[in-house]
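Protein chains: 4
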Amino acid sequence: MPRFALLGAGFIGSVHAANLAVHPDVTFSLVYDINHARAHSLAAAHGARATTDLDEAFDPHGIDAVFIASSTDTHAQHLVRAAEAGIAVLCEKPIDLDLTHAREASAHAAGHGIPVMVDFNRRFDRDYAELRRIVVDEEIGDVELIQLSTRGPSLPPLSYIATSGGQMRDQTVHFFDLARWISGLDPVEVFATGSALADPRLAEHDDVDTSAVTLRLPTGALVQIDSVRRTGYGYDERIEVLGSTGMIEARRHRTGNVSRYSAGRVVEDGLHAGWFERVRPTYAAALDHFITALGNGTAPAPSLEDGLKAQAIAEAATRSLHTRRTETIDY
Amino acid sequence: MPRFALLGAGFIGSVHAANLAVHPDVTFSLVYDINHARAHSLAAAHGARATTDLDEAFDPHGIDAVFIASSTDTHAQHLVRAAEAGIAVLCEKPIDLDLTHAREASAHAAGHGIPVMVDFNRRFDRDYAELRRIVVDEEIGDVELIQLSTRGPSLPPLSYIATSGGQMRDQTVHFFDLARWISGLDPVEVFATGSALADPRLAEHDDVDTSAVTLRLPTGALVQIDSVRRTGYGYDERIEVLGSTGMIEARRHRTGNVSRYSAGRVVEDGLHAGWFERVRPTYAAALDHFITALGNGTAPAPSLEDGLKAQAIAEAATRSLHTRRTETIDY
Amino acid sequence: MPRFALLGAGFIGSVHAANLAVHPDVTFSLVYDINHARAHSLAAAHGARATTDLDEAFDPHGIDAVFIASSTDTHAQHLVRAAEAGIAVLCEKPIDLDLTHAREASAHAAGHGIPVMVDFNRRFDRDYAELRRIVVDEEIGDVELIQLSTRGPSLPPLSYIATSGGQMRDQTVHFFDLARWISGLDPVEVFATGSALADPRLAEHDDVDTSAVTLRLPTGALVQIDSVRRTGYGYDERIEVLGSTGMIEARRHRTGNVSRYSAGRVVEDGLHAGWFERVRPTYAAALDHFITALGNGTAPAPSLEDGLKAQAIAEAATRSLHTRRTETIDY
Amino acid sequence: MPRFALLGAGFIGSVHAANLAVHPDVTFSLVYDINHARAHSLAAAHGARATTDLDEAFDPHGIDAVFIASSTDTHAQHLVRAAEAGIAVLCEKPIDLDLTHAREASAHAAGHGIPVMVDFNRRFDRDYAELRRIVVDEEIGDVELIQLSTRGPSLPPLSYIATSGGQMRDQTVHFFDLARWISGLDPVEVFATGSALADPRLAEHDDVDTSAVTLRLPTGALVQIDSVRRTGYGYDERIEVLGSTGMIEARRHRTGNVSRYSAGRVVEDGLHAGWFERVRPTYAAALDHFITALGNGTAPAPSLEDGLKAQAIAEAATRSLHTRRTETIDY
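Residue numbers (my numbering), protein chains in the order written: chain U, 1 to 331; chain E, 1 to 331; chain D, 1 to 331; chain W, 1 to 331.
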């Protein structure tokens with residue numbers, strides 16, 4: 001069984017730790033964090049060891065795979081180091097906020113031939129996987145229009161926003177990946193426009209919280225994405241794919257199945273209060289895919305290339321926000 | 001084109017008048033009512049003549065068909081008279097509140113060989129017809145369980161209740177007919193129990209406003225019907241048919257398609273406020289069926305026999321309300 | 001009661017004729033069409049007179065209002081002539097495919113002070129009206145994002161396409177109007193992109209059948225519209241309005257309410273087969289609004305100005321299809 | 001932290017073992033089963049000890065609570081023995097198939113004052129709890145009609161059926177409990193009728209697979225329950241409560257949120273394939289309630305009395321299946 005080191009014991013690290021701890025085909029060996037107390041607390045909860053010494057995490061005699069869940073600015077260096085040690089990598093997106101750096105680190109890692117997977121976890125959502133299967137099986141003919149909505153319930157802290165790289169790179173990038181994955185095509189052009197409506201201070205960070213993106217695929221098919229940071233009504237994701245002979249919809253999730261009928265209206269359960277509740281099962285499914293690929297000796301996906309391509313779309317979209325025109329995407 | 005006389009210019013008469021007036025294959029000739037002003041007003045609105053003289057309505061030289069929408073206690077005599085005049089009949093249910101009288105009048109009419117249809121209009125509901133088609137086409141295998149809900153928004157006036165014959169004969173009878181029509185089978189036994197919950201004064205009339213009925217079909221298949229006079233939340237009808245290989249549902253109708261999402265809930269449009277809004281299209285469809293049958297020389301349905309059988313079930317159900325045991329149905 | 005002349009006895013004219021014929025507060029006097037047989041046939045069906053002489057239609061001694069449902073290239077001249085005769089006008093959109101001509105004719109008509117309404121019938125859809133009421137009542141706070149889908153089931157004939165002015169002017173224009181009406185704001189910028197996917201021959205007419213439009217409102221709020229000529233799965237319209245405190249949705253319509261449950265799936269009724277079935281009730285409602293406004297002496301809406309503004313957005317969107325950049329809208 | 005012994009290492013025992021193993025406030029000490037290999041295998045998977053010696057399980061120095069998940073005919077004796085040892089009990093239903101024996105054992109246990117909970121796990125379903133909260137908060141006024149559906153996808157093995165006590169005692173009993181819990185009332189009368197439609201051999205065991213039950217509450221309110229062993233379309237549970245001022249519905253669950261639109265129909269995800277997938281989360285929630293009650297020193301519910309009352313209703317319903325009449329319920 002592969003022995004895993006988890007890098008990063010923050011919120012998302014704790015999610016991955018819980019999944020590593022219960023996976024039957026994994027040995028959860030080590031938690032690394034620069035914060036000693038945090039590493040120890042998380043490791044203890046799941047029967048792993050804790051360390052603040054990175055050398056332990058990259059020791060190929062004790063570790064077969066690292067899960068990079070540390071702060072974004074450390075991803076690239078951890079990836080490179082794992083590659084040099086011949087250790088497999090499951091990495092939170094992005095490789096690096098700077099696409100050029102991300103490409104360099106990826107090229108370096110690729111040269112060492114280690115298995116690497118970028119954790120675009122939404123690909124492992126049950127509904128999205130079913131939707132894609134229907135497209136791939138050509139049940140709706142050729143893809144002509146894809147619509148994706150990504151809407152968070154409330155604005156993240158401004159401190160988070162300030163270092164996030166902006167809405168395209170931080171939030172919409174997941175849906176750039178989904179658009180590629182569902183269509184099997186690399187978009188060629190992008191138009192994006194947005195506003196800071198939830199909090200005008202975002203404009204000071206050159207960021208937006210409400211945006212509309214249009215992608216053009218090489219076939220002429222179109223993709224529309226709306227990205228919203230603060231809905232006020234809960235966490236809302238949705239995908240619709242219109243093909244030449246039919247349409248598929250992955251509907252927004254509700255928290256329950258209770259309806260109240262009174263004169264003039266029906267009240268139903270609302271949406272999830274936060275993103276984590278909505279996408280929770282995808283983390284375990286993504287991890288399971290990675291572990292299965294390691295076991296089978298197959299290449300896990302999404303790959304580093306997938307990560308870089310989604311990021312390239314985000315770069316072009318970010319440019320378009322300023323130029324008010326269509327931008328060509330450079331992969 | 002058949003020339004129609006409408007008997008009865010009350011509310012339901014005015015519904016039928018409007019449908020007669022716009023049907024392209026009918027001549028709407030005459031409105032009869034004992035109330036002169038009412039007859040004239042309705043006739044004038046639709047370009048028909050008015051009369052208080054029944055002889056005109058049953059004159060075969062001027063009239064080819066009568067639509068009996070007068071008070072219940074006149075149905076049987078109008079039916080007989082039309083039969084004797086050789087005039088076709090479309091009759092509001094029931095033939096007569098007394099089943100024996102109803103059978104006698106029906107036998108008399110049948111002897112004259114005129115086309116007669118009982119206006120169980122729900123058979124002409126688009127959803128119910130589609131549901132039955134699926135059953136008849138054996139898409140769900142053998143029928144095993146049918147569930148029907150019939151729920152009015154508010155209690156009719158006590159004066160109406162007092163002469164209605166009770167909930168089974170007045171309200172549930174439509175659903176006894178639907179159960180027969182959908183299954184193609186005559187129930188053999190019935191159990192009914194009920195309470196006067198909306199208004200305890202109904203008990204003084206030996207009536208109930210909330211009841212549960214169970215029918216057994218000759219195959220052992222079961223039927224459950226709930227009948228409610230006052231829901232407080234609108235007009236609610238619903239049918240579900242469970243077969244050996246699948247299930248079909250004719251869902252309750254909503255008034256619209258608007259959803260409002262806010263934190264914690266989704267508010268949607270409610271149900272119809274009253275029965276008429278819900279079943280309105282069925283009246284025109286039923287009339288059209290009758291007219292088409294007249295034109296084609298085929299037998300319209302539901303037939304007099306259908307009317308009597310639904311009534312026989314209602315009789316047995318009414319007995320069961322008192323005996324607290326299963327009653328055999330005598331057709 | 002106002003006496004109406006209907007100009008144009010084609011398909012849409014016959015729809016309006018049926019509504020005029022049954023409206024209780026109207027005298028349906030005249031049907032004009034250049035095709036004598038067509039005018040007579042339609043007039044006869046509804047008890048009106050027929051003519052091929054335009055002078056009759058614009059004779060203020062016999063006619064109080066004209067319903068312009070003739071071919072698009074005649075709208076402007078009929079509008080002007082009615083204005084000069086002091087006759088009220090209900091006009092199919094657009095005033096003229098050429099925006100400059102449309103503005104000139106409108107200015108001319110406005111100078112005569114007659115009541116004029118442009119028949120953007122979707123404003124009278126029950127669901128859209130309810131959705132707008134919720135926005136206007138500020139139940140969802142400030143509008144931040146509006147999404148509209150307009151999708152027809154199958155491509156119109158190429159001959160129709162060739163003279164339609166293109167998808168923006170012919171199809172999307174209704175939704176430009178809805179976006180203005182719902183938000184109460186005039187969009188300032190538009191981006192549009194599209195492809196000829198259903199039939200590549202549309203490209204020869206410089207037209208598209210699948211397009212994505214993004215509007216920016218003066219508040220920074222955004223509007224996304226997808227317009228599709230051929231869905232393959234039925235007629236599909238939908239509006240969603242995201243506000244600062246909640247969201248509203250006018251969902252796509254289904255043809256019925258029947259669900260079939262079998263192992264692994266639930267099959268429900270589909271969408272309307274065509275646009276007319278979906279929007280049918282809006283024509284009568286729009287007509288009723290116009291008649292009521294005439295009776296009350298109030299100004300009917302949508303006004304000529306509404307018609308011109310929607311058209312101005314369509315012009316800018318059509319430009320953007322070619323420039324691949326944001327276009328400013330000139331009203 | 002309370003130390004738990006699990007009695008029974010079959011399928012349902014393994015479900016409880018997994019929940020015991022991950023609950024943070026429990027020490028999962030022991031697995032007892034008469035089958036040594038089965039006990040060891042399950043214990044080893046969760047870090048507990050295994051035994052075939054019942055004395056260990058009832059040793060109050062090592063065990064604070066037992067989870068009785070052994071075969072039904074052992075429940076009563078285990079309950080009594082735990083009571084005598086002063087050990088808390090969480091017991092799978094029923095206490096004993098014979099109601100008299102069940103009452104005797106319960107009375108014995110009650111005399112020792114130990115905390116006892118009967119595992120009617122559906123009370124811990126998120127939707128049912130929300131539905132009941134709405135009733136208890138009187139948001140729909142007085143309860144007037146409750147409808148419950150319990151429908152399994154496929155017939156259990158005949159060997160299981162033969163020792164199950166029949167459909168009322170084995171399947172419907174959960175819904176008798178829910179009816180009491182939701183309404184807060186003890187039904188006074190019951191009528192039941194049923195058929196062996198899925199497999200006629202059930203009749204040889206004096207059993208049914210498709211049944212309709214009607215309960216009368218002391219207020220005159222009614223309860224309708226349909227119980228089906230084999231739907232062919234998946235696992236289907238549903239509750240509806242009609243009150244004097246509104247109605248609530250806990251809708252059937254779907255496996256996903258994907259819709260496919262094609263000409264004429266919409267295909268959606270189906271129902272759960274089996275009961276366990278549907279009710280899975282309720283087991284952990286029920287266990288958590290029991291543990292919390294132990295910690296707080298409060299009485300857990302459903303109580304022994306709740307278990308006996310549901311069973312008493314099942315007894316009377318079973319009688320009614322034969323007498324074809326209403327039966328009074330003797331608690």
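Everything labelled a hint here was simulated from the structure, so no lab data went into it. Even glycine gets a Cβ: it sits at the ideal position worked out from N, Cα and C. Just to be clear, a hint being listed does not mean it is correct.
[Said to hold, decoys possible] Reference excerpt, derived from the structure (chain W facing chain D, CB under 7 Å, subset only):
| id | residue |
| --- | --- |
| 1 | PHE11 |
| 2 | GLU139 |
| 3 | TYR261 |
| 4 | ALA263 |
| 5 | GLY264 |
| 6 | VAL267 |
Now the hints, each set against the structure:
1. PHE11: Interface hint status for PHE11/W: violated (22 Å vs cutoff 7 Å).
2. GLU139: It is violated, given that the least Cβ distance between GLU139/W and chain D is near 21 Å, above 7 Å.
3. TYR261: Check passed: Cβ of TYR261/W comes within 4 Å of chain D, closer than 7 Å.
4. ALA263: With a closest approach of 6 Å, the ALA263/W hint holds.
5. GLY264: holds (4 Å)
6. VAL267: OK, holds: VAL267/W within 7 Å of chain D, min 5 Å.
Hint check: violations occur at hints 1, 2; the rest are consistent with the structure.
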